[in-house]
Amino acid sequence: MSNSSIRARQPWRRANISTSIQIVLASVIPLPLVMLLALLAGLDLTMSFITLFVPLQLIVSSFVGYRAFGRRGIGDAILVVLTIFFSTFVLILLLSVLYSVITEGAKAISFQFIGQNNVYVSPTTSLDYGGVGHAILGTLIVVLLTTLAAVPLGVAMAIYLTQSQSKTRNLVRTFTQALSGLPSVVSGLFILSIIEATQMGRSGITGSLALFPLMLPTVARVAEEALRLVPVDLRYAALALGAPNYRAFFQVILPAAKSGLLTALLLGLARVVGETAPLILTMNPSSGTNLNPFDGGMTTLPTYIYNYLASSYQTSQARAWGAALVLLMVVGILFALARILGKSKSKKSKATK
Amino acid sequence: MSQSQTKPQRRKLSAGPLSRGDKWFFRTTSAAAHFAFVLVALVLGFLLFQAWPVLQSQGVNFVLGSTWDPDSDPMVLQLGPMLWGSLLIAVLGILIATPMAISMAYLIVFMLPKRWASVATTLIDLLAALPSVVLGLWGLLVFTPIAAGWAEILNKYLGFIPLFQVTDPENGFMRSPFIAGWIVAVMIVPIITSVTREIFSQLDRDLINGALALGGSRLSTFRRVIMPTASSGVVGGVLLGLGRAVGETVAIFYVLNLSMEINWMNLVEPHGGAVASWILARFGEASPLEKQGLMAAGLVLFILTLIVNYIANVIVNRAQPWRKNQ
Numbered sequence: 001m002s003n004s005s006i007r008a009r010q011p012w013r014r015a016n017i018s019t020s021i022q023i024v025l026a027s028v029i030p031l032p033l034v035m036l037l038a039l040l041a042g043l044d045l046t047m048s049f050i051t052l053f054v055p056l057q058l059i060v061s062s063f064v065g066y067r068a069f070g071r072r073g074i075g076d077a078i079l080v081v082l083t084i085f086f087s088t089f090v091l092i093l094l095l096s097v098l099y100s101v102i103t104e105g106a107k108a109i110s111f112q113f114i115g116q117n118n119v120y121v122s123p124t125t126s127l128d129y130g131g132v133g134h135a136i137l138g139t140l141i142v143v144l145l146t147t148l149a150a151v152p153l154g155v156a157m158a159i160y161l162t163q164s165q166s167k168t169r170n171l172v173r174t175f176t177q178a179l180s181g182l183p184s185v186v187s188g189l190f191i192l193s194i195i196e197a198t199q200m201g202r203s204g205i206t207g208s209l210a211l212f213p214l215m216l217p218t219v220a221r222v223a224e225e226a227l228r229l230v231p232v233d234l235r236y237a238a239l240a241l242g243a244p245n246y247r248a249f250f251q252v253i254l255p256a257a258k259s260g261l262l263t264a265l266l267l268g269l270a271r272v273v274g275e276t277a278p279l280i281l282t283m284n285p286s287s288g289t290n291l292n293p294f295d296g297g298m299t300t301l302p303t304y305i306y307n308y309l310a311s312s313y314q315t316s317q318a319r320a321w322g323a324a325l326v327l328l329m330v331v332g333i334l335f336a337l338a339r340i341l342g343k344s345k346s347k348k349s350k351a352t353k
Numbered sequence: 001m002s003q004s005q006t007k008p009q010r011r012k013l014s015a016g017p018l019s020r021g022d023k024w025f026f027r028t029t030s031a032a033a034h035f036a037f038v039l040v041a042l043v044l045g046f047l048l049f050q051a052w053p054v055l056q057s058q059g060v061n062f063v064l065g066s067t068w069d070p071d072s073d074p075m076v077l078q079l080g081p082m083l084w085g086s087l088l089i090a091v092l093g094i095l096i097a098t099p100m101a102i103s104m105a106y107l108i109v110f111m112l113p114k115r116w117a118s119v120a121t122t123l124i125d126l127l128a129a130l131p132s133v134v135l136g137l138w139g140l141l142v143f144t145p146i147a148a149g150w151a152e153i154l155n156k157y158l159g160f161i162p163l164f165q166v167t168d169p170e171n172g173f174m175r176s177p178f179i180a181g182w183i184v185a186v187m188i189v190p191i192i193t194s195v196t197r198e199i200f201s202q203l204d205r206d207l208i209n210g211a212l213a214l215g216g217s218r219l220s221t222f223r224r225v226i227m228p229t230a231s232s233g234v235v236g237g238v239l240l241g242l243g244r245a246v247g248e249t250v251a252i253f254y255v256l257n258l259s260m261e262i263n264w265m266n267l268v269e270p271h272g273g274a275v276a277s278w279i280l281a282r283f284g285e286a287s288p289l290e291k292q293g294l295m296a297a298g299l300v301l302f303i304l305t306l307i308v309n310y311i312a313n314v315i316v317n318r319a320q321p322w323r324k325n326q
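Chains A and H, in that order, give the protein sequences. Numbering of the first sequence is given in the working numbering, commencing with residue 1 and proceeding in unit increments. Numbering of the second sequence is given in the working numbering, commencing with residue 1 and proceeding in unit increments.
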């Protein structure tokens, strides 16, 4: 027996070239056929895709699977086809949202659209005048105020959940999870009921108060996971060297969990920056720039979109698309930052292992 | 050696009181943590305080009746059709979203190579981060015409099923619970996907490979090995999605024709209800008394989501035992 005859066999890779070609053909050929049929018969494209192409695809690939792998090939084919079909559907929906916001928004957006406010703008004013400058500033102010309250509190909750041994931790966790399910409109109603009870005015600060119960649980949850990632040995080492708990936290755990806590901040921001309903209930809109959160109305990007979408004029809708693009860019930037931080963190933790 | 003769002084060991700094550290964080109770209590308390007169005067008909007439004397505020509509839309959304979410999770965990799996995860997270007002904008101006076409076809070919019946096709198929259900589905796909993905990725790979080695196909492995282990967690994820779907406000507000005429199950009929959107719709011109009625609606909504979320979290936590003893 020569050594060369012993080759690593991979019995699970039974797809040889002809099978691969069959699989590719089976998935490609029906597509133009069905599209052609749909166009000729004047059927709705999506519907004919679902009612004709997917069953056809199922049958053809089951057949190919059966020829290549026997009976188990049928099961493989069915599951793979269905999985790819549903996943593609999700992706198409997502890409459709992104595509329409970007293309429609790009028509409205310009330097003046980002910079100017809306003081002398009526629903029919041309897009050369007015913009979302005041809404960007309003978003910044309202969200910043919420962050100032929610992030320290959320991180403190996370500290309590990870650093202490108290018995109420599970209860606190349950209530935080309950808060994270709070519908945003209820949060707005809550602040509204306080406004009604205390007769305080509606202003920027009431808006940021309404965002607070929405941001808090997100920050607390992500911060808790970030603190969990710090090896507990580090903390024990610090305590064994005689450090009190608070110094162990601030000098050892906090530096180690810094990027994770920043991720908590960013995800919390992304959670509330697009909230609309609570702000509509608790803030008056304004078309001018207002930098004082304690007096007068304020417009944020989401409420700007809401107000302009309500009217059916073309220019108003264009403004709404433009503002949506700006909002999406803000969310995207926050999101990308959170991703980058998360990546560098996981790389570091891999390196230390 | 005289030094070694002297006994070292005995150190006092105590696990009792910590240093003063520590005391304040733990007091502050514990106060912050218990603020979660305070916040839930405050929300319930203030809403109940404002809503009490309405709840008292309307009684149980507040959730069962179907008249909302703030101008009559005495005022009749009943929420029935909106509550039913919320549930109808949420259930439809879940029926659409669950297969998509499970497929997505299966694709990410079992089919894609690692790099593409992380790309797909990012895309799903991005979908989760889309603000609901942007989805509403897209739903109103882009998706509604398309989905109305689908609804028309469903009505044309499957109209004999009560689900797809309409009273008058001339009204068009826009602003129906069908479209709202799709929009809600787009919102809750990422929630269900992330829970399912986490559970799939923690399954015992040897078990799955064993099933495949014994001649099982992907389908039979999925049905007999993966789903029995993962199903309870998936159900929890679905319930989390349900909680989100019931509370969705702005997006539904744009794509649904809110009406107090109850729509039991005609999905493509162009009117329906949703509690959260109703609050938003009525809020603008509401009198102080009607506002109290809206607060009562908010209270009902909050209690509903509290219950759904509590059950969901219990199920999800139980299905992820690897998280418990961290």
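Possibly wrong hints are sitting among the right ones.
[As the list claims (entries may be wrong)] PhoX-like mimics (lysine-lysine), calculated; alpha carbons at most 20 Å apart, straight line:
#1 A:Lys343 / A:Lys258
#2 A:Lys167 / H:Lys156
#3 H:Lys114 / A:Lys343
[Said to hold, decoys possible] With beta-carbon atoms standing in for the labels, derived distance ranges:
#4 H:Arg27 / A:Leu337: 47 to 53 Å
#5 A:Gly115 / H:Thr167: 31 to 37 Å
#6 A:Gln199 / H:Ile311: 56 to 62 Å
#7 A:Val54 / H:Glu261: 48 to 54 Å
#8 H:Gln165 / A:Ser18: 47 to 53 Å
To be clear, the hints were calculated from the coordinates, so they are not data collected in a lab. Glycine included, every Cβ here is placed at the ideal spot set by N, Cα and C.
Going down the list of hints, with the structure as the test:
For a cut-off of 20 Å, the pair hint linking Lys343 of chain A to Lys258 of chain A stands: about 13 Å separates their Cα positions. Of the supplied pair hints, the one linking Lys167 of chain A and Lys156 of chain H is violated, its CA atoms being roughly 60 Å apart against a limit of 20 Å. Between Lys114 of chain H and Lys343 of chain A the CA atoms are separated by roughly 15 Å; this keeps the pair inside 20 Å, and the hint holds. Our hint of 47 to 53 Å for Arg27 of chain H and Leu337 of chain A is violated, since their Cβ atoms are close to 34 Å apart.
Here the CB-CB span from Gly115 of chain A to Thr167 of chain H is close to 51 Å, at odds with the stated 31 to 37 Å. Separated by about 39 Å at the C-beta atoms, Gln199 of chain A and Ile311 of chain H break the suggested range of 56 to 62 Å. A hinted range of 48 to 54 Å for the beta carbons of Val54 of chain A and Glu261 of chain H is inconsistent with their spacing of about 37 Å. Distance hint check: the CB atoms of Gln165 of chain H and Ser18 of chain A are about 50 Å apart, consistent with the given range 47 to 53 Å.
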